[in-house]
Amino acid sequence: MTIHKLGIAIAISGLLSACSSMGVDPWQRQNLAKPEMALDSSPLTSALDDHIYFSKEASSGGRSFGGGGCGCN
Amino acid sequence: MKKNIRLSLAAASCALLGSQLAIAEDKHDVGEWDVSAALLFYSEPDRVNATEPVISAKKQLDTDETLSLKLTLDTLTGASASGALPSNQPQTFTSPSGGSIGTTSAGDTPLDDSFKDTRVAVNAAWEKPISKDLTMVLGGNFSTEYDYTSFAVNSSFAKDINNGNTTLMTGLSLGMDMIKPVDGKPIPFATMQAGRDYGGNSDSVKDGSDDTKSLVDVIVGVTQVIDENSLFQLNYSLSSSSGYLTDPYKIISVVDPVTGATLFQNGAQSDLPTAVYENRPDSRLKHSVFGQYKRYLGGDVLDTSYRFMVDDWDITSHTVDVHYRWKFADTQYLQPHVRVYQQSAADFYTPFFVNGQQPTAGDKSAEASADYRLGEFMAYTIGLEYGQDNPSNSWSVAVEYYLQTGDEPAQAFGELKNQELYPDVDALMLRIVYDF
Numbered sequence: 001m002t003i004h005k006l007g008i009a010i011a012i013s014g015l016l017s018a019c020s021s022m023g024v025d026p027w028q029r030q031n032l033a034k035p036e037m038a039l040d041s042s043p044l045t046s047a048l049d050d051h052i053y054f055s056k057e058a059s060s061g062g063r064s065f066g067g068g069g070c071g072c073n
Numbered sequence: 001m002k003k004n005i006r007l008s009l010a011a012a013s014c015a016l017l018g019s020q021l022a023i024a025e026d027k028h029d030v031g032e033w034d035v036s037a038a039l040l041f042y043s044e045p046d047r048v049n050a051t052e053p054v055i056s057a058k059k060q061l062d063t064d065e066t067l068s069l070k071l072t073l074d075t076l077t078g079a080s081a082s083g084a085l086p087s088n089q090p091q092t093f094t095s096p097s098g099g100s101i102g103t104t105s106a107g108d109t110p111l112d113d114s115f116k117d118t119r120v121a122v123n124a125a126w127e128k129p130i131s132k133d134l135t136m137v138l139g140g141n142f143s144t145e146y147d148y149t150s151f152a153v154n155s156s157f158a159k160d161i162n163n164g165n166t167t168l169m170t171g172l173s174l175g176m177d178m179i180k181p182v183d184g185k186p187i188p189f190a191t192m193q194a195g196r197d198y199g200g201n202s203d204s205v206k207d208g209s210d211d212t213k214s215l216v217d218v219i220v221g222v223t224q225v226i227d228e229n230s231l232f233q234l235n236y237s238l239s240s241s242s243g244y245l246t247d248p249y250k251i252i253s254v255v256d257p258v259t260g261a262t263l264f265q266n267g268a269q270s271d272l273p274t275a276v277y278e279n280r281p282d283s284r285l286k287h288s289v290f291g292q293y294k295r296y297l298g299g300d301v302l303d304t305s306y307r308f309m310v311d312d313w314d315i316t317s318h319t320v321d322v323h324y325r326w327k328f329a330d331t332q333y334l335q336p337h338v339r340v341y342q343q344s345a346a347d348f349y350t351p352f353f354v355n356g357q358q359p360t361a362g363d364k365s366a367e368a369s370a371d372y373r374l375g376e377f378m379a380y381t382i383g384l385e386y387g388q389d390n391p392s393n394s395w396s397v398a399v400e401y402y403l404q405t406g407d408e409p410a411q412a413f414g415e416l417k418n419q420e421l422y423p424d425v426d427a428l429m430l431r432i433v434y435d436f
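For the record, the sequence lines run as chains A and B.
Everything in the first sequence is counted per this note's numbering, starting at 1 for the first residue and increasing by one.
Everything in the second sequence is counted per this note's numbering, starting at 1 for the first residue and increasing by one.
Treat the hints with care, as some may be off.
[Claimed, not checked] Selected chain B positions facing chain A (in silico; Cβ < 8 Å): (1) SER36; (2) TYR42; (3) SER43; (4) TYR148; (5) SER173; (6) GLU228; (7) MET309; (8) ARG325; (9) ALA346.
These aren't lab readings, by the way, just hints derived from the structure by calculation.
Because the structure is a prediction, the values reported are computed rather than measured.
Quick reminder that beta carbons are idealized off the backbone N, C-alpha and C, glycines included.
Could you build the full structure based on these sequences and the hints that come with them?
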């Protein structure tokens with residue numbers, strides 16, 4: 001467990017330092033700002049899909065909270 | 001545009017990113033409502049059919065402050081696998097309410113067709129900027145169906161750094177579910193008894209009580225702009241559930257140690273096979289890592305994600321999901337979708353018991369389930385969506401096909417080898433989404 005935590009800490013700090021060298025200026029964001037480029041560009045679809053897979057499989061969540069809220073699993 | 005309805009936690013970070021990334025087209029006037037609706041038809045041949053309408057509305061309370069509400073109805077009919085195995089003889093099981101479930105023919109997988117349920121779910125989320133680069137989301141969920149009620153509250157924060165190119169996110173969700181099985185919880189590993197149709201007393205193996213489970217979810221994540229056309233998200237989430245995690249309607253067949261044939265030992269009902277109620281651990285801890293990458297390709301969008309999950313039930317799973325949104329004729333698009341899912345079995349999964357090896361009735365320390373969803377399998381989804389993004393409204397329609405397939409259990413012997421113990425499950429889905 002400690003090794004897991006250490007690994008996660010290293011991964012996060014590595015990502016953050018890598019992140020600091022990435023990115024664009026505000027005037028370069030017109031494509032990123034398009035609605036279809038939102039990470040969850042169709043939340044209703046995502047929620048319907050998550051509910052189906054929650055009821056058919058042993059995994060859930062990841063994108064957001066795994067949750068419960070259903071007697072289907 | 002009206003598409004950005006940010007109900008989920010993940011969407012919160014994304015939304016923040018969106019707000020940082022400009023753009024006037026993403027804003028609504030203060031006081032304005034943005035309404036979307038969806039309708040899902042889900043159908044498994046000979047099994048579950050579901051119709052699920054959803055309506056959501058988001059009000060722009062202030063420039064960057066929104067209130068989102070969502071109402072979901074989930075109407076289920078049909079049948080689901082009970083956990084029992086097919087037999088070389090007809091089988092008639094007792095329904096949860098003490099009647100009889102229709103007779104399963106020899107060679108068919110026993111299905112529980114006694115359920116008919118409507119679930120109502122309400123979600124609310126309030127998103128508010130706390131400072132220039134920090135946004136808070138407070139949310140709540142409630143859902144109810146005839147034997148199950150669920151409450152959850154959640155809170156998350158998203159912080160922009162690195163000139164808005166990086167968003168850090170963290171969230172916490174606390175939930176409480178109440179389970180009220182028909183006639184109460186069954187006694188673990190008690191043998192199913194004949195129902196009233198046969199003069200039996202199936203209630204004798206129910207302890208008559210309700211139960212609860214609690215859920216705690218923690219999530220941390222980072223969203224990063226890579227360049228003018230691409231970004232990624234990486235989340236880690238920890239999910240802990242404790243309490244009654246057993247499925248009160250699932251059973252496990254008991255077979256003859258020599259022949260492998262299903263036993264029929266009930267004096268009152270000769271076609272009632274010998275089967276015992278399952279029992280799962282009273283806690284579960286899941287770790288998930290989720291990564292998503294999106295790239296804008298001259299009007300098209302590639303959207304890929306991968307999730308790894310591992311838990312203390314010894315289940316690991318891998319999920320790969322790819323969408324490609326192909327834009328044409330300015331406002332229309334076609335979006336093919338492929339998803340591949342693989343999971344290993346829970347350490348207490350067992351497709352059947354050999355007679356004499358089943359735990360003693362009432363032994364809560366023993367754990368076993370024959371629920372195929374806890375077995376090892378692969379699942380595949382392929383789908384195609386067609387949509388239009390018009391200035392005043394947007395809509396889409398999608399068709400998806402889902403297939404779950406697993407190997408026959410290695411421990412099958414004798415008569416069991418003549419039966420299909422792990423049948424494929426497939427489903428067809430039709431989904432319509434309309435943004436008003």
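(message) Just to be careful: measuring from the Cβ of B:MET309 to every Cβ in chain A, is the smallest value less than 8 Å?
(response) For B:MET309, the interface hint holds, since the closest Cβ of chain A sits about 4 Å away, which is under 8 Å.
(request) Identify whether the interface hint at B:SER173 stands, where standing means a beta carbon of chain A within less than 8 Å of its own. (result) Hint on B:SER173: holds, closest Cβ of chain A at ~4 Å, below 8 Å.
(message) Under 8 Å is the threshold here; is the Cβ of B:TYR42 close enough to any Cβ of chain A for the hint to stand?
(response) It holds, given that the least Cβ distance between B:TYR42 and chain A is near 7 Å, below 8 Å.
(message) Restraint: B:ARG325 near chain A, CB-CB cut 8 Å. Satisfied or not?
(response) At 6 Å from the nearest chain A Cβ, B:ARG325 passes the 8 Å test, so the hint holds.
(request) Go through the hint on B:GLU228 and say holds or violated, using the shortest Cβ distance to chain A against 8 Å. (result) Holds. Min distance 5 Å.
(message) Holds or violated: the hint that B:SER43 contacts chain A, with Cβ atoms closer than 8 Å.
(response) The hint is violated - B:SER43 has no Cβ within 8 Å of chain A, the shortest such distance being about 12 Å.
(message) B:TYR148 was flagged as interface toward chain A. Is the shortest Cβ-Cβ separation under 8 Å?
(response) holds (3 Å)
(message) Take the shortest C-beta to C-beta distance between B:ALA346 and chain A; is it under 8 Å?
(response) At about 7 Å, which falls below the 8 Å cut-off, the nearest Cβ of chain A leaves the hint on B:ALA346 intact, so it holds.
(request) May I ask you to test the interface hint for B:SER36 with respect to chain A, counting a Cβ-Cβ separation under 8 Å as satisfied? (result) Hint holds; B:SER36 Cβ to chain A Cβ min 6 Å, cut 8 Å.
In summary, the one numbered hint that this structure violates is 3.
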